[in-house]
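Peer 1: Assemble the whole structure, with the sequences as input and the hints as a guide.
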Amino acid sequence: MMDAFLHQFLSGLANGSIYASIGLALVMIFQSTHHINFAQGEQAMFSAYVALTLIKAGFPYWAAFVLALGFAFVSGMAIERLIIRRFNRAPVLTVVIVFLGLLFIINSLAGWLFTYNVQTFPSPFPPGLGNRFLAAHEIGMIAVTLVMLLLIFLFFRYTSLGLMMRAAAYNPDASRLVGIRVSHMLALGWGVAGAIGAVAAIMAAPIVYMEPNMMGGVLLYGFAAALLGGINNPWGAAVGGFLVGVIENLAGAYVVGTELKLSVALIIIVVVLVTSPAGLFGRPIVTRV
Amino acid sequence: MEGTVQHAVESESARLAHAAGRAARQPLSTVGVVLLLTAAALIPFVVSSFYLLQFTMVVITSIALLGLNLLTGYNGQISLGHGAFYAIGAYTTAILLEQTAVPYWATIPIAGGICLVVGFLFGLPALRLEGHYLALSTFTLAVATPQLLKFHALEPWTGGVQGIYVSTFAAPPGVPLAWDQWLYLLSLSAAAVMFLLACNLLRGSTGLAITAIRDNPIAAVSMGINLPLYKSATFGISAMYTGVAGALAALVTQFVAPDSYSIFLSLGFLVGSVIGGVTSISGAIFGALFIQFVPNFADQISKAVTWAVYGSFIIGFAALAPTGIAGFLTTIVRRLGLYSKAHQGPVPPLPRLGSGFELRKRSK
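Taken in order, these protein sequences are the chains called A and B. The opening position of the first sequence corresponds to residue 1 in this note's numbering, with each subsequent residue numbered one higher. The opening position of the second sequence corresponds to residue 1001 in this note's numbering, with each subsequent residue numbered one higher.
Certain hints may be false.
Not close to chain B: a few residues of chain A, all C-beta gaps over 12 Å, as computed [claimed, not checked]:
id : residue
1  : Y61
2  : V74
3  : F121
4  : F125
5  : G130
6  : R132
7  : V147
8  : R157
9  : R166
10 : V178
11 : H184
12 : A187
Simulated coverage check for chain A against chain B, where a stretch passes if three residues somewhere in it have a Cβ under 8 Å from a Cβ of chain B [to be verified]:
id : region
13 : 224–238
14 : 267–275
Beta-carbon label-pair distances, calculated as ranges [claimed, not checked]:
id : chain 1 : residue 1 : chain 2 : residue 2 : range
15 : A       : M1        : B       : P1156     : 51 to 57 Å
16 : B       : T1253     : A       : Y254      : 36 to 42 Å
17 : A       : V147      : B       : A1319     : 37 to 43 Å
Hint data in this document are derived by calculation from the structure and do not stem from the laboratory. Just so it is clear, CB atoms sit at the ideal spot from N, CA and C, and this is done for glycine as well.
Peer 2: Okay, here's the thing in structure tokens:
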């Protein structure tokens, strides 16, 4: 009984690590631009396909992993510089549909380049790593996510580039006055967000399998994670991701059955939003009248 | 200080009155409307039945988009979940036709009524959410819809994954029309009624209140507008429009199944709404034409990457006509000086949708 519970709890954490990464990527872009990137999941999916193609071409797993991250970084920056930048001053709604347009484009290109067939994706973690609670890949997934979170924390906390990026997101005007190239920081933020998303997709791929629509559900949980944790708090989004994963799994196992897992997780999120609209760790922003 | 505030409120209200008056005098004048309706009513007698079906869907989609325009364009609440109300409308019709003796035409207002209530109830908690938060909670509604329709406890009504076949019907006796011609004219009449309703709603003091809430909720409240009531009611009315469209669509497709109401339906509605022109009534028609015909056009350009072409069209339209096709046409007409003096005034801007990060503590 206890074992079954622990199993559900821990595998919820494993799924949660994916949601946490996507949530973090969304929050990074939201913080600097106040836009929600609906194409984040598709960008991540495309990078995972790049990794898969490299692995099939004979590259070692971790080399392909790093190269795919590089691709995600560069393509994220390119999307910001070439497309999103033009809509800087556009109303929220216009930006939303531009992101939807991007979603269609990337999804369709992936289907065309890599086919719509469902493909398997290798896991780099030796099966011996698993125990009676968690499979090897689930343990590896949690570990990779935690390492990534730590690296990102160190980057933003202790490097001057990280400080500049935070400053540019926090107060663009003041940052310009002290000589920070805010627009470069924005592009860089998109790149980092793209790379974080790519890690999530590559880690999720062995579980959800590769196909162009693989990230649809995951992106939704990423939104949920970001909202639950507070969309203006990156660490809140990460914690929110783990929470969503655990709630989803436990509700699926004990309350409603797997059929309505998604709906229940979403209802919980709506309830949280309605009772505390800033999320669990976000700060409510009060505007002056 | 007080004087400044009062002045601000006064000029705000003057601006709003002006804006609402403008909304009521949309580019389409009465003559234009009559011509358009006549032309639309002639369509079933001149085009093939393949195209007639597509035009029927355009008419139906325009009703759904009009509902979304009322909510998003005029009231400033983003919804990414209107596909859910479309589904509720469609399933209401399908279930009523299968399990009761209600005549098919009567299912349409019933579907609208149910959506009105559901939308109103959904609007109540959604009141506390603004901008992106509202967008995402409606997004979850859209994602959950197919799952709920497949839920086994509801299967006796919804038919689960299999869906429900909607029995077909003929034109009433004595009317010399084929089934599809009759259905088109039925949809067109429904659309005419719904568009007229929307114009009247926006023209009166209700419309003024609805747009005032979008432009400045705090000023609106201070002028005595009951914000929770108006916001929920707008949500309900908007859902009713989409529900009526869903019910008609169920009659056209003669089949409802959970997977036809995926998140992409809702996203498509928003795209159509924005590209058509979200702060206009005529925009709903342009948006419906876009949704119906541009994917086909994209498919002709490239079979391999149809949706990439479609996505590029979306981005292109967003870049070239940020106020939608309706706003774009209004600008052109005005540049050419074809407008009478009464229509002078700036192009209606896209609504400022409480940009999400401003969670106003006292927005109730």
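Peer 1: Each of the hints needs a verdict: does it hold here or not?
Peer 2: Structure-based check of each hint:
For Y61 of chain A, the condition that its CB be more than 12 Å from all CB atoms of chain B holds, with the nearest at approximately 30 Å. For V74 of chain A, the condition that its CB be more than 12 Å from all CB atoms of chain B holds, with the nearest at approximately 20 Å. Every beta carbon of chain B lies more than 12 Å from that of F121 of chain A, the smallest distance being close to 23 Å; the non-interface claim holds. A cut-off of 12 Å between C-beta atoms confirms that F125 of chain A is not in contact with chain B; the least separation is 31 Å.
The beta carbon of G130 of chain A sits about 30 Å from the closest Cβ of chain B, which is more than 12 Å, so the claim that it is off the interface holds. Distance to chain B confirms R132 of chain A as a non-interface residue, since its nearest Cβ pair spans about 31 Å, more than 12 Å. Every CB of chain B is more than 12 Å from the CB of V147 of chain A (nearest about 29 Å), matching its label as outside the interface. Annotated as non-interface, R157 of chain A keeps its C-beta farther than 12 Å from every C-beta of chain B; the closest such distance is 23 Å.
For R166 of chain A, the requirement that its beta carbon stay farther than 12 Å from each beta carbon of chain B is met, with the minimum near 16 Å. No Cβ of chain B comes within 12 Å of the Cβ of V178 of chain A; the nearest lies about 23 Å off, and the non-interface call holds. With 12 Å as the threshold on Cβ separation, the claim that H184 of chain A sits away from chain B holds: the shortest Cβ distance comes to roughly 23 Å. The claim that A187 of chain A lies off the interface holds: its Cβ sits roughly 18 Å from the closest Cβ of chain B, which is beyond the 12 Å cut-off.
With 4 residues bearing a CB less than 8 Å from a CB of chain B, the region 224–238 of chain A meets the requirement of three and the coverage assertion stands. Requiring three or more residues with a Cβ within less than 8 Å of a Cβ of chain B, the coverage given for the region 267–275 of chain A holds, as 5 such residues are present. Distance hint check for M1 of chain A and P1156 of chain B: the Cβ-Cβ separation is about 34 Å, which falls outside the suggested range of 51 to 57 Å. As the Cβ distance of T1253 of chain B to Y254 of chain A is approximately 39 Å, the hint placing it in 36 to 42 Å holds.
Between V147 of chain A and A1319 of chain B the Cβ separation comes to about 40 Å, which falls inside the hinted range of 37 to 43 Å.
The structure shown violates just one earlier hint, number 15.
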